[in-house]
Amino acid sequence: MKYVLDQEKIRPDLVRTIERLSGEDVRQCYQCGKCSAGCPIAADMDLPPNQVMRMLQLGLTDEALDSRTIWLCASCETCTTRCPREVDLAAVMDALRHEALRQGRKSPIRQIPFFNRTFLRLIKKYGRVFEMELIGRFNVGTLHFFKDVTKAPRLFFRGRLKLWPSFKGRKTARPAFQAVKNAQRHEPAEPPAADESAGNPTP
Amino acid sequence: MKYAYYPGCSLHATAVDYDESTQAVAKALGVELIEVPDWSCCGSTPAHCTDELLAAALPAQNLLAAKAVADQVVVCCSACFSRFKFAQKHIEEKDDLRAQLSETMPIDEIEGMQVRHLIDVLVRDVGLEKIEQAKQCDPQLKVVCYYGCLLTRPPKVTEWDDPEDPQMMDDLLRAAGMETIDWPFKTECCGATFALTRTDIVLRLTAEILQMAREVGADCISVACPLCHANLDMRQDDIRKKFGVECDIPIFYFTQLLGLALGLEKRDLGIGRALVNCDELLTAKGLA
Ligand code: SF4
Ligand code: SF4
Numbered sequence: 008m009k010y011v012l013d014q015e016k017i018r019p020d021l022v023r024t025i026e027r028l029s030g031e032d033v034r035q036c037y038q039c040g041k042c043s044a045g046c047p048i049a050a051d052m053d054l055p056p057n058q059v060m061r062m063l064q065l066g067l068t069d070e071a072l073d074s075r076t077i078w079l080c081a082s083c084e085t086c087t088t089r090c091p092r093e094v095d096l097a098a099v100m101d102a103l104r105h106e107a108l109r110q111g112r113k114s115p116i117r118q119i120p121f122f123n124r125t126f127l128r129l130i131k132k133y134g135r136v137f138e139m140e141l142i143g144r145f146n147v148g149t150l151h152f153f154k155d156v157t158k159a160p161r162l163f164f165r166g167r168l169k170l171w172p173s174f175k176g177r178k179t180a181r182p183a184f185q186a187v188k189n190a191q192r193h194e195p196a197e198p199p200a201a202d203e204s205a206g207n208p209t210p
Numbered sequence: 002m003k004y005a006y007y008p009g010c011s012l013h014a015t016a017v018d019y020d021e022s023t024q025a026v027a028k029a030l031g032v033e034l035i036e037v038p039d040w041s042c043c044g045s046t047p048a049h050c051t052d053e054l055l056a057a058a059l060p061a062q063n064l065l066a067a068k069a070v071a072d073q074v075v076v077c078c079s080a081c082f083s084r085f086k087f088a089q090k091h092i093e094e095k096d097d098l099r100a101q102l103s104e105t106m107p108i109d110e111i112e113g114m115q116v117r118h119l120i121d122v123l124v125r126d127v128g129l130e131k132i133e134q135a136k137q138c139d140p141q142l143k144v145v146c147y148y149g150c151l152l153t154r155p156p157k158v159t160e161w162d163d164p165e166d167p168q169m170m171d172d173l174l175r176a177a178g179m180e181t182i183d184w185p186f187k188t189e190c191c192g193a194t195f196a197l198t199r200t201d202i203v204l205r206l207t208a209e210i211l212q213m214a215r216e217v218g219a220d221c222i223s224v225a226c227p228l229c230h231a232n233l234d235m236r237q238d239d240i241r242k243k244f245g246v247e248c249d250i251p252i253f254y255f256t257q258l259l260g261l262a263l264g265l266e267k268r269d270l271g272i273g274r275a276l277v278n279c280d281e282l283l284t285a286k287g288l289a
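Heads up: the sequence lines are chains B and P, in that order.
The first sequence begins at 8 in this note's numbering and counts up by one.
The second sequence begins at 2 in this note's numbering and counts up by one.
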């Protein structure tokens with residue numbers, strides 16, 4: 008893959024944003040590649056983790072923010088644990104996801120942010136995860152209606168599938184969602200992080 | 002020994018066997034677990050992938066709820082454990098985050114709260130000697146301990162023994178009379194969070210773990226996380242179909258194995274709720 012260093016594409020301001028959000032200095036990375044060597048998902052990524060760091064060092068933030076990598080990262084913390092320069096790469100991945108969402112960028116793997124939005128909407132509604140509804144909504148949203156349905160009866164007969172949600176945690180979760188709402192009010196110019204209008208998640 | 006107990010969403014649903022075995026083992030060892038009143042979800046991966054504030058706020062609210070019970074909270078799910086530990090760290094280190102949270106919750110009150118994984122409590126507070134004394138039999142099981150990602154990594158957050166070759170679960174099961182086999186996949190990733198969204202990745206990673214466990218001659222895998230359990234236990238059929246490899250091996254929560262050694266009833270430990278049948282193994286080892 009060839010990348011072009013074009014004046015217009017270089018965004019030091021966005022690199023600073025990622026550094027502020029993650030608390031990391033991208034220049035710390037010396038490109039040894041240890042992160043990518045240990046990453047369990049590297050084979051499925053378009054940019055291996057060390058190249059995400061390289062893009063940021065070069066100021067090519069679009070390459071990082073629009074990569075499949077940031078959505079495929081499983082937050083397994085292997086890279087962070089092993090980096091000889093103590094770069095918290097998992098935190099950089101989190102920061103890139105947050106910034107991509109804030110800018111309203113479309114994820115190249117849409118079912119992943121769609122799953123996250125659906126999950127968080129259910130917690131807001133019930134306080135706890137209600138797996139039946141989560142799986143149902145995810146399958147409908149991604150048009151995979153029958154994914155894993157054969158597992159449901161087997162789980163049910165083993166007493167592992169709940170048919171009704173619990174509302175018990177709602178009161179506890181409420182101030183958490185309120186804090187997010189308040190913070191968004193302070194930054195009115197920016198789209199909300201969990202924007203529901205982000206489009207059809209069909210992969 | 003009294004602790005607040007945060008089960009988390011999975012332990013009240015697909016991982017009810019983890020909850021049952023945790024309660025049974027804690028009772029047998031004199032550990033008092035009091036459920037956090039009206040606990041909510043910790044936000045899990047979707048929260049920290051979406052919004053840093055929410056990812057800190059949900060655990061913070063649960064720590065506040067737990068404080069009413071005790072100042073140490075026991076968490077069994079590795080993913081919840083990780084979210085709680087991360088939230089504490091971020092709240093401590095980031096002034097702006099703390100300021101935003103303080104608008105809707107008395108955030109300073111969570112200072113001094115301790116988040117503990119059950120393994121840590123059993124090894125460090127109860128002690129291996131007491132477990133050795135309490136065991137009723139030596140289950141002749143060859144076990145591989147699978148720690149997964151979030152229990153041990155990153156060590157600065159989890160404060161676990163060793164991120165590459167952790168020992169605490171092994172120590173625990175050895176004290177309970179089992180043989181634990183050294184193996185290279187203790188802390189590999191199972192792809193947990195992608196169970197629904199990218200099942201293909203989960204199948205690939207899980208297949209390798211299951212095959213390695215069989216290769217080193219283990220009878221079963223011991224886990225400490227409901228997501229690891231779900232991937233390792235529920236995907237064996239799919240793996241056989243997709244890759245055509247033999248990968249069947251029973252998966253237990255470490256609490257279930259500990260319970261067997263303590264002479265507890267299989268029913269009380271939720272044994273039999275997993276999809277992979279373990280009757281044959283337990284009968285062969287005289288544990289049925
Ligand atoms: S391990 Fe650290 S220093 Fe090495 S390439 Fe990755 S981020 Fe850079
Ligand atoms: S945290 Fe993400 S980038 Fe780092 S090793 Fe794990 S999956 Fe790869």
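These are computed hints drawn from the structure, not numbers from a lab.
Treat the hints with care, as some may be off.
[To be verified] Taking lysine-lysine pairs in the BS3-like style, the calculated list, with each CA pair at most 25 Å apart, reads:
1. B/Lys131 / P/Lys68
2. P/Lys286 / B/Lys169
3. B/Lys131 / P/Lys90
4. B/Lys175 / P/Lys68
5. P/Lys157 / P/Lys143
6. P/Lys243 / P/Lys267
7. P/Lys267 / P/Lys131
8. P/Lys143 / P/Lys3
9. P/Lys143 / P/Lys68
10. B/Lys132 / B/Lys41
11. P/Lys267 / B/Lys158
12. P/Lys157 / B/Lys41
13. P/Lys136 / B/Lys154
14. P/Lys242 / B/Lys188
15. P/Lys90 / P/Lys28
16. P/Lys136 / P/Lys242
17. B/Lys178 / B/Lys154
18. B/Lys158 / B/Lys188
19. P/Lys95 / P/Lys3
20. B/Lys158 / P/Lys157
21. B/Lys131 / B/Lys113
22. P/Lys131 / P/Lys143
23. P/Lys131 / P/Lys28
24. P/Lys157 / P/Lys136
25. B/Lys154 / P/Lys3
26. B/Lys175 / P/Lys136
27. B/Lys178 / B/Lys131
28. B/Lys178 / P/Lys68
29. P/Lys95 / B/Lys188
30. B/Lys113 / B/Lys175
31. P/Lys136 / P/Lys243
32. P/Lys242 / B/Lys158
33. P/Lys157 / P/Lys131
34. B/Lys178 / B/Lys9
35. B/Lys131 / B/Lys41
36. B/Lys175 / B/Lys154
37. B/Lys16 / B/Lys113
38. B/Lys113 / B/Lys178
39. P/Lys90 / P/Lys136
40. P/Lys157 / P/Lys28
Hints and how they fare:
Restraint check for B/Lys131 and P/Lys68: satisfied, since their Cα atoms lie roughly 22 Å apart, inside the 25 Å limit. The suggested pairing of P/Lys286 with B/Lys169 is violated, with an alpha-carbon distance near 33 Å, which exceeds 25 Å. For the proposed pair B/Lys131 and P/Lys90, the alpha carbon gap of about 24 Å is at most 25 Å, so the pair holds. At roughly 18 Å between alpha-carbon atoms, B/Lys175 and P/Lys68 fall within 25 Å of each other, so this suggested pair holds.
For the hint pairing P/Lys157 with P/Lys143, the CA-to-CA distance comes to about 31 Å; that exceeds 25 Å, so the pair is violated. For the hint pairing P/Lys243 with P/Lys267, the CA-to-CA distance comes to about 33 Å; that exceeds 25 Å, so the pair is violated. Restraint check: the Cα-Cα separation between P/Lys267 and P/Lys131 comes to about 22 Å, which is no more than 25 Å; the hinted pair holds. The suggested pairing of P/Lys143 with P/Lys3 is violated, with an alpha-carbon distance near 33 Å, which exceeds 25 Å.
For the proposed pair P/Lys143 and P/Lys68, the alpha carbon gap of about 40 Å is over 25 Å, so the pair is violated. For the hint pairing B/Lys132 with B/Lys41, the CA-to-CA distance comes to about 42 Å; that exceeds 25 Å, so the pair is violated. Using a Cα cut-off of 25 Å, the hinted pair P/Lys267 and B/Lys158 holds, with the two alpha carbons roughly 23 Å apart. Taken as a hint, the P/Lys157 and B/Lys41 pair is honoured in the structure, with Cα atoms around 19 Å apart against an allowance of 25 Å.
Under the criterion of a C-alpha separation no larger than 25 Å, the hint pairing P/Lys136 with B/Lys154 is inconsistent with the structure, at around 43 Å. Between P/Lys242 and B/Lys188, the direct Cα distance comes to roughly 46 Å. Violation of the 25 Å bound is thereby established for this hinted pair. A distance of roughly 31 Å separates the Cα atoms of P/Lys90 and P/Lys28; the hinted pair therefore is violated under the 25 Å criterion. Annotation: proposed proximity of P/Lys136 to P/Lys242 is violated, straight-line Cα distance about 40 Å (limit 25 Å).
Between B/Lys178 and B/Lys154 the alpha-carbon distance is near 33 Å, which puts this suggested pair outside the 25 Å criterion. Among the hinted pairs, B/Lys158 with B/Lys188 is inconsistent with the structure: their alpha-carbon atoms are about 37 Å apart, more than 25 Å. Only pairs whose Cα atoms come within 25 Å are accepted, and P/Lys95 paired with P/Lys3 is rejected, the gap being roughly 31 Å. Between B/Lys158 and P/Lys157 the alpha-carbon distance is near 38 Å, which puts this suggested pair outside the 25 Å criterion.
Using a Cα cut-off of 25 Å, the hinted pair B/Lys131 and B/Lys113 holds, with the two alpha carbons roughly 23 Å apart. Restraint check for P/Lys131 and P/Lys143: satisfied, since their Cα atoms lie roughly 22 Å apart, inside the 25 Å limit. Among the hinted pairs, P/Lys131 with P/Lys28 is consistent with the structure: their alpha-carbon atoms are about 14 Å apart, no more than 25 Å. Note on P/Lys157 and P/Lys136: the hinted pairing is violated, with a Cα-Cα distance of about 33 Å set against a maximum of 25 Å.
Distance check on the hinted pair: B/Lys154 and P/Lys3 sit about 43 Å apart at the alpha-carbon level, beyond 25 Å; violated. With a C-alpha separation of about 37 Å, the suggested pair B/Lys175 and P/Lys136 falls outside the 25 Å cut-off, and the hint is violated. At roughly 10 Å between alpha-carbon atoms, B/Lys178 and B/Lys131 fall within 25 Å of each other, so this suggested pair holds. Taking the CA atoms of B/Lys178 and P/Lys68, the gap is near 16 Å; set against the 25 Å cutoff, the hint holds.
For the proposed pair P/Lys95 and B/Lys188, the alpha carbon gap of about 19 Å is at most 25 Å, so the pair holds. Restraint check for B/Lys113 and B/Lys175: not satisfied, since their Cα atoms lie roughly 34 Å apart, outside the 25 Å limit. Note on P/Lys136 and P/Lys243: the hinted pairing is violated, with a Cα-Cα distance of about 41 Å set against a maximum of 25 Å. This hinted pair checks out: P/Lys242 and B/Lys158 have alpha carbons roughly 15 Å apart, not beyond 25 Å.
Under the criterion of a C-alpha separation no larger than 25 Å, the hint pairing P/Lys157 with P/Lys131 is inconsistent with the structure, at around 29 Å. In summary, the hint linking B/Lys178 to B/Lys9 is not supported, as the alpha carbons are separated by about 52 Å, beyond the 25 Å threshold. Proposed proximity of B/Lys131 and B/Lys41 is contradicted: the alpha carbons are some 39 Å apart, above 25 Å. Of the pairs offered as hints, the one joining B/Lys175 and B/Lys154 is violated, with about 29 Å between alpha carbons and a cut-off of 25 Å exceeded.
With a C-alpha separation of about 18 Å, the suggested pair B/Lys16 and B/Lys113 falls inside the 25 Å cut-off, and the hint holds. The straight-line distance between the Cα atoms of B/Lys113 and B/Lys178 is roughly 33 Å, outside the 25 Å bound, and the hint therefore fails. A hinted pair counts as satisfied when its Cα atoms are at most 25 Å apart, and P/Lys90 with P/Lys136 does not qualify at roughly 37 Å. At most 25 Å may separate the alpha-carbon atoms for a hinted pair to count; P/Lys157 and P/Lys28 exceed this at roughly 31 Å.
The structure fails to meet hints 2, 5, 6, 8, 9, 10, 13, 14, 15, 16, 17, 18, 19, 20, 24, 25, 26, 30, 31, 33, 34, 35, 36, 38, 39 and 40 from the earlier list, while all remaining hints are met.
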